[in-house]
Each structure stands twice: as C-alpha cells, then as structure tokens.
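> Just need the whole structure built from these sequences, with the hints factored in.
For reference, the chains in residue letters:
2 protein chains.
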Amino acid sequence: MLDEEPAGGRTQVTVELIEDAAERLHGLAVRTPLLESTQLNEALGMRILFKPECLQRTGSFKFRGAYTKLSRLPMERRHAGVVAYSSGNHAQGVAAAAGLLGIPATILMPSDAPTIKIENTRDYGAEVVFFERNKDDRQALAERMASERGASIVAPFDDVDVISGQGTVGLEITRQADYMNISVDDILCPVGGGGLLSGLSTAVKAHMPLTRIWCAEPEGYDDVIQSLAADQLVSVTVGAPTICDAIVTPQPGWITFDIIKRFVSGGFSVSDREVMDAMAVLFDRMKLVAEPGGCAALAALLQQRRQFAGRTVVVVVSGGNVDRADFSRILSEASALENVLRA
Amino acid sequence: MLDEEPAGGRTQVTVELIEDAAERLHGLAVRTPLLESTQLNEALGMRILFKPECLQRTGSFKFRGAYTKLSRLPMERRHAGVVAYSSGNHAQGVAAAAGLLGIPATILMPSDAPTIKIENTRDYGAEVVFFERNKDDRQALAERMASERGASIVAPFDDVDVISGQGTVGLEITRQADYMNISVDDILCPVGGGGLLSGLSTAVKAHMPLTRIWCAEPEGYDDVIQSLAADQLVSVTVGAPTICDAIVTPQPGWITFDIIKRFVSGGFSVSDREVMDAMAVLFDRMKLVAEPGGCAALAALLQQRRQFAGRTVVVVVSGGNVDRADFSRILSEASALENVLRA
Chain R
81 MLDEEPAGGR TQVTVELIED AAERLHGLAV RTPLLESTQL NEALGMRILF KPECLQRTGS
141 FKFRGAYTKL SRLPMERRHA GVVAYSSGNH AQGVAAAAGL LGIPATILMP SDAPTIKIEN
201 TRDYGAEVVF FERNKDDRQA LAERMASERG ASIVAPFDDV DVISGQGTVG LEITRQADYM
261 NISVDDILCP VGGGGLLSGL STAVKAHMPL TRIWCAEPEG YDDVIQSLAA DQLVSVTVGA
321 PTICDAIVTP QPGWITFDII KRFVSGGFSV SDREVMDAMA VLFDRMKLVA EPGGCAALAA
381 LLQQRRQFAG RTVVVVVSGG NVDRADFSRI LSEASALENV LRA
Chain C
81 MLDEEPAGGR TQVTVELIED AAERLHGLAV RTPLLESTQL NEALGMRILF KPECLQRTGS
141 FKFRGAYTKL SRLPMERRHA GVVAYSSGNH AQGVAAAAGL LGIPATILMP SDAPTIKIEN
201 TRDYGAEVVF FERNKDDRQA LAERMASERG ASIVAPFDDV DVISGQGTVG LEITRQADYM
261 NISVDDILCP VGGGGLLSGL STAVKAHMPL TRIWCAEPEG YDDVIQSLAA DQLVSVTVGA
321 PTICDAIVTP QPGWITFDII KRFVSGGFSV SDREVMDAMA VLFDRMKLVA EPGGCAALAA
381 LLQQRRQFAG RTVVVVVSGG NVDRADFSRI LSEASALENV LRA
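Protein chains in written order, with the working numbering: chain R, 81 to 423; chain C, 81 to 423.
Accuracy of the hints is not assured; some may be wrong.
[Claimed, not checked] Stretch-level coverage of chain R by chain C, calculated; a stretch enters the list once three of its residues show a Cβ under 8 Å from a Cβ in chain C:
{"no.": "1", "stretch": "104 to 112"}
{"no.": "2", "stretch": "193 to 206"}
{"no.": "3", "stretch": "220 to 228"}
{"no.": "4", "stretch": "266 to 276"}
{"no.": "5", "stretch": "356 to 369"}
[Claimed, not checked] Covered by chain R, per the in silico footprint, the following chain C stretches (three or more residues, Cβ under 8 Å):
{"no.": "6", "stretch": "107 to 120"}
{"no.": "7", "stretch": "199 to 205"}
{"no.": "8", "stretch": "362 to 368"}
{"no.": "9", "stretch": "406 to 413"}
I should point out that these hints are in silico values taken from the structure, not numbers from a laboratory.
We put the CB at the ideal spot given by N, CA and C, even for glycine.
Right under this line is the structure:
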C-alpha cells in the first residue's frame with residue numbers, strides 16, 4: 081500500500097493508485113455484483129449487466145472515493161478534521177468514512193437535499209451546515225470553514241485520491257467481466273462532476289481498451305456532453321428543474337475532464353420522464369432501489385436502445401438514496417417497460 | 081458432476097448433492113452477495129448480513145432448485161415436458177429453467193397470484209393454467225395433468241433435487257462468511273414448505289455446525305413452528321389472510337421436515353404489520369426490493385431483536401416479486417425504523 085501522504089504529490093490518476101484504493105477498501109466497501117435479467121435482455125435485444133452501486137455502503141459509490149481520500153490523509157492532519165460540500169451522496173460517503181477513521185467531519189449541504197441524505201449524514205456522526213443551492217458559493221464557504229479550523233477539504237470529484245477511489249468500480253467491472261468470461265462492448269455511467277466516470281474510465285481502458293465508455297446527464301445539465309463537443313470545459317447555467325439531485329453540476333472538474341476527454345466516447349442527456357421510467361424498470365426487473373440520478377445511464381440506454389442492439393453493455397447504477405414518498409410517486413407515474421419500448 | 085438420473089435413486093439430501101447443484105448453477109444463477117449496513121447494525125446492536133435472493137434470476141431463490149431438478153432429468157424424459165404448481169415464485173423458477181434447457185413447461189397457478197408473477201411466468205415461455213387457491217387440490221390437478229402428458233412433476237419443495245438446489249444458498253453463505261472471516265452465530269430464513277430452509281440447513285450445518293438456524297412464518301401459517309413443537313407433521317387450516325403469498329403452506333414436506341427437525345433451532349411467526357415494516361427497512365437501508373414473504377426473516381429478527389443482541393446474524397431475503405402498487409402502499413403504511421425500535 082502507498083504511504084499516507086497529501087494528494088499534492090500526485091497529479092495523475094493511475095491504475096496503481098486505483099489498485100491501492102481497492103486494497104484500502106477491501107472488506108469495507110461492498111464488492112457489488114454484476115446483475116442481469118434475461119427477460120430484460122430479450123426485451124431490449126442486447127445483454128445488459130448492471131453494476132448496482134446503490135447496494136454500496138452509504139447507498140452510493142461515493143463511499144469509495146471518500147474513504148480512499150481520508151485513509152491517505154497523514155495522521156498529523158486528521159485531528160483537525162475534514163470539510164466537504166455535497167448534495168447528499170458525497171456527504172454520506174465522507175461522514176461514514178470519517179466515522180470509520182475517527183476523523184471529525186463537517187458537511188455543507190443544500191437546504192433542499194433529500195431528507196434521507198441529511199438524516200443519514202448526521203447518523204454517521206458528521207456535523208451538517210446548510211447552504212442555499214442557488215445563492216451561496218459552496219466551495220468558497222467550505223474553503224473559509226476549512227481554513228478557520230485547519231481542516232482538510234474533501235472535494236466531491238476533482239481530486240486524484242477521490243477519483244482513484246471511485247475508479248475501483250471500473251476495476252471491479254474488468255475483473256468480474258473477466259471471471260464471467262464476458263467481453264464488454266460498452267459501459268454507460270451517470271455523470272455529475274465526473275469523479276466516477278474518470279476513475280472508472282482509467283481502470284477500464286487499462287484492462288479493456290476496446291470497450292467504449294459513455295456518459296448520461298440530466299437535460300439542462302449536459303455540461304460534460306457540451307465540454308466534449310467543444311473539447312474544452314463548458315459551464316451550463318444552473319437552474320433548470322431536474323429530479324436528478326445527485327448529478328447536478330454546472331461543469332466537470334479540471335482533472336476529471338482531462339481524463340474524460342481522452343477515454344469517453346460520448347454522452348446522452350435524459351429527461352426526468354426517461355429517468356422515472358428507468359427507475360421503475362430497475363424496480364420491476366432488477367429488484368433494485370435506485371435514485372433518479374443513479375438511473376441516468378439506464379435511461380440513456382433505453383433512449384438509445386437501437387444504437388446498442390446486439391451489444392454487451394454494463395450499466396452503472398450509481399446510487400439509491402431516495403425518500404419513500406418520492407419513490408412511490410415515481411413508480412405510480414412511470415410507464416411499463418412495454419410502453420417505453422413502444423415509444 | 082453427477083449423472084442425469086431420476087431422483088428416485090436418491091432419497092437423502094447430502095452436501096455432495098448440493099455441491100453438484102452449485103456446479104450446475106455456476107454462471108446461470110446469481111451468486112448473491114452478503115450485504116450489510118453499519119447504520120442498521122448500530123441501530124439494532126448486532127451485525128446483520130443480508131443474503132438477497134430477491135436479486136436472484138427470476139427474482140427469488142426458486143430458480144436454483146428448479147434448474148437443478150430439470151438439469152438432472154434424463155434426456156429421454158425431457159421432451160414430454162414438466163408440470164409444476166406454484167403461487168408464483170416456483171412458477172417463474174421452473175419456467176425460466178425449462179426455457180434454458182428447452183423443456184416444455186406447464187404451470188398451475190392460483191388465480192389470485194400477483195400479476196407480476198403470472199406475467200413473468202408466461203414471459204419465460206411457460207403455459208399457465210389457473211386454479212382456485214381455496215377450492216382446488218393443486219397437487220391432484222398437477223398429477224392428473226402430468227400423467228395425461230407423460231410429463232414430470234417439479235414439486236415445489238418436497239424433492240431431493242429441488243432441496244439440493246435451494247441448498248446452494250447455504251453453501252454460498254458458508255463460503256462467503258469464510259472469505260469475509262466472519263463467524264456467523266445465527267441464520268434466519270423464511271419458510272413455506274421448507275425447501276430453502278432444509279437445503280440451506282444441510283449445507284450450513286456441514287460447514288458451520290455451531291451456527292443456529294431459525295425460521296420465520298406468517299401468522300396463521302406457522303405449520304413448521306407447530307410441527308417442531310409437536311415433533312411431527314402438523315397441518316394448519318388454510319384461510320387466514322396474509323400478505324405473504326410466497327410462503328403460505330398448510331404443512332411442511334415429509335423430506336423437508338425430516339431435515340428441519342434435525343437442524344433448525346426454532347421459529348417465529350410474524351404479522352403482516354411486522355412484514356410491512358421489514359419491507360420498508362430493506363427499502364430505506366438496503367436499497368432492496370423485497371416481497372412480503374421474502375421479508376419474514378427480517379420481520380422476525382426485528383421482533384426478537386433483544387434475543388439476538390450482540391450476535392452476528394445472516395438474514396435471508398428470499399424473493400422480490402411484488403407489484404408496484406402493492407409496494408408503494410406498503411411503503412406508505414409502514415413505520416420508520418426508529419418507531420419500530422421504540423415499540
């Protein structure tokens with residue numbers, strides 16, 4: 081295992097860093113399985129393998145990156161604690177990782193975050209401070225708070241250690257596909273700031289260079305798609321309504337986009353309607369509870385199903401933290417799969 | 081692997097038969113993970129590992145036994161097909177296994193079975209024939225139909241091949257616990273006719289003889305508990321209302337009870353209310369979709385939590401085939417975990 085040291089010394093996300101993260105996470109993170117439904121495969125005319133990170137500790141992949149980052153903090157910096165800002169899944173990941181390592185954690189959360197995410201973050205032992213999503217500059221708030229306390233900031237995505245932790249999702253996919261003797265044509269992954277997508281891509285392209293990687297974003301927040309098209313960072317105006325709270329970001333990160341533009345073949349933007357239908361498909365066919373943002377990749381695959389016909393596709397379900405009432409409402413409003421496929 | 085031969089020659093469920101079933105199921109059945117939530121562990125004061133068979137192919141453990149049975153049918157008996165009777169999960173298991181092996185399947189189902197189970201059984205390619213749950217003798221109907229066609233009956237639980245297939249759940253638990261270096265104190269498992277419970281017990285007791293095994297039944301259908309108390313087969317009167325359609329049986333099987341009475345320490349009966357609360361806990365904390373009968377073991381553990389305090393417990397979630405509307409209704413009526421624990 082690598083020495084504990086600040087990320088300052090590391091600017092590149094490497095497969096070695098991802099393998100080190102996998103070692104740190106062994107026995108702590110869930111090695112989520114690859115799940116499939118032959119019925120769904122037949123209905124869609126392709127082979128789909130789901131990587132259900134909703135089953136991950138804290139209900140999303142975010143635990144992987146947060147724990148990796150915190151476990152690499154040098155001992156002398158741990159007592160001053162960590163500060164993070166997050167709409168909820170990173171918050172829970174950092175809070176749970178900090179709890180495991182005995183590090184004090186303060187989390188800035190938007191006041192409109194889903195109740196389940198706020199409650200869980202407190203449950204893991206973190207202090208929660210609220211900010212206004214469309215008013216406050218959360219990063220500036222976090223930096224001020226961290227400098228006052230001498231605490232370390234755990235960035236939600238644009239950080240080599242965080243990215244290498246999320247990359248263990250990709251490493252597991254390559255190992256599981258290998259074990260199952262499956263050749264994966266494509267991987268579809270939801271994207272917000274790009275931590276998961278960039279880490280996953282780094283691991284996957286090292287082991288399965290022919291596999292194409294695609295991302296899925298909510299309509300109105302297609303900053304990665306626009307950035308890929310422009311071959312440079314593009315910001316979108318925040319404000320469009322979306323149910324995908326977990327993956328609402330105005331622009332990708334510098335580090336993440338640098339990786340994404342090398343490895344990702346393209347992206348698809350999905351509507352709330354398409355995301356709701358995908359959630360219901362995961363309920364009906366896979367018995368998985370996924371949150372809206374966590375379903376974006378399946379929503380994109382359903383939208384683009386003709387393009388992916390006949391292929392073997394891994395779909396990442398990135399999180400499952402959704403309130404009971406929201407889930408029930410979405411189930412009641414979503415279409416049956418047959419109707420989705422008829423559209 | 082064992083030769084294909086009718087089960088007539090085998091009357092004992094052995095670990096070797098279960099290991100043979102595991103080989104047959106390799107790459108076809110999902111090797112469901114052991115999942116846990118540190119929050120739930122802390123709230124309940126014990127370590128709980130869930131074995132989520134709702135993630136199994138066809139949405140329940142039943143695929144394991146059905147495929148094992150069918151794959152051991154001699155070639156010359158396959159063309160005449162198979163007949164099964166089932167409230168739904170065994171139906172789907174047999175239909176899917178028959179589809180994989182190219183064997184024609186006819187399934188007798190109660191007319192009030194959940195829509196999702198009927199539709200899925202047809203989707204897998206089986207012919208569905210309805211019977212009246214409280215009027216017709218489903219076993220007699222099945223036997224007449226099978227003898228008319230020369231078809232083989234796939235009994236839902238009281239069959240050595242079926243039991244050995246379900247036993248692979250237990251085999252996996254022992255291997256996963258070993259890999260994770262966990263000493264399992266107790267296993268809680270839902271029980272209907274006892275196929276899963278008896279197969280699981282056989283595998284577990286061979287490898288972890290000190291682990292205690294418990295079963296959970298719906299109120300009004302506690303035939304296994306009553307049979308254990310009487311040390312002989314006891315039948316209950318069918319008719320009490322329950323939401324646990326998957327595990328409604330009037331009495332355990334002869335073969336299954338013979339194993340259960342040797343290996344099972346006792347059982348707990350659970351109310352619809354307790355089952356609904358358990359379903360909501362699996363939604364909130366584990367992001368799993370479980371059907372009512374599939375949650376009976378967790379319901380029992382919540383009910384008996386003081387007795388199991390401080391222990392390491394594996395809870396089997398046996399299935400997840402539940403309609404959207406039923407699931408939403410149950411989520412809206414169920415209590416929050418804090419209220420369950422306060423009661």
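> Are the hints correct? Go through all of them and say.
Now for the hints, and whether the structure bears them out:
Coverage of the stretch 104 to 112 of chain R by chain C holds in this model, with 4 residues showing a Cβ closer than 8 Å to a Cβ of that chain against a need of three. With 4 residues having a Cβ less than 8 Å from any Cβ of chain C, the stretch 193 to 206 of chain R passes the three-residue criterion, so the hint holds. Look at the stretch 220 to 228 of chain R against chain C: 0 of its residues bring a Cβ nearer than 8 Å to a Cβ of that chain, fewer than three, so the hint is violated. Counting residues of the stretch 266 to 276 of chain R whose beta carbon lies closer than 8 Å to any beta carbon of chain C gives 0, which falls below the threshold of three, so the coverage claim is violated.
Coverage of the stretch 356 to 369 of chain R by chain C holds. Counting CB-CB distances below 8 Å, 7 residues qualify, and the rule asks for three or more. Using a Cβ-Cβ cut-off of 8 Å, 9 residues of the stretch 107 to 120 of chain C lie near chain R, which meets the minimum of three, so the contact claim holds. Figure legend: the stretch 199 to 205 of chain C, annotated as covered by chain R; annotation consistent (3 residues with Cβ-Cβ distances under 8 Å, at least 3 required). Evaluation of the coverage hint for the stretch 362 to 368 of chain C: fulfilled, as 5 residues show C-beta separations to chain R shorter than 8 Å, against a requirement of three.
With a cut-off of 8 Å between beta carbons, the stretch 406 to 413 of chain C has 4 residues touching chain R; three or more are needed, and the interface restraint holds.
Consistency with the previously given hints fails for numbers 3, 4, ordered from lowest to highest.
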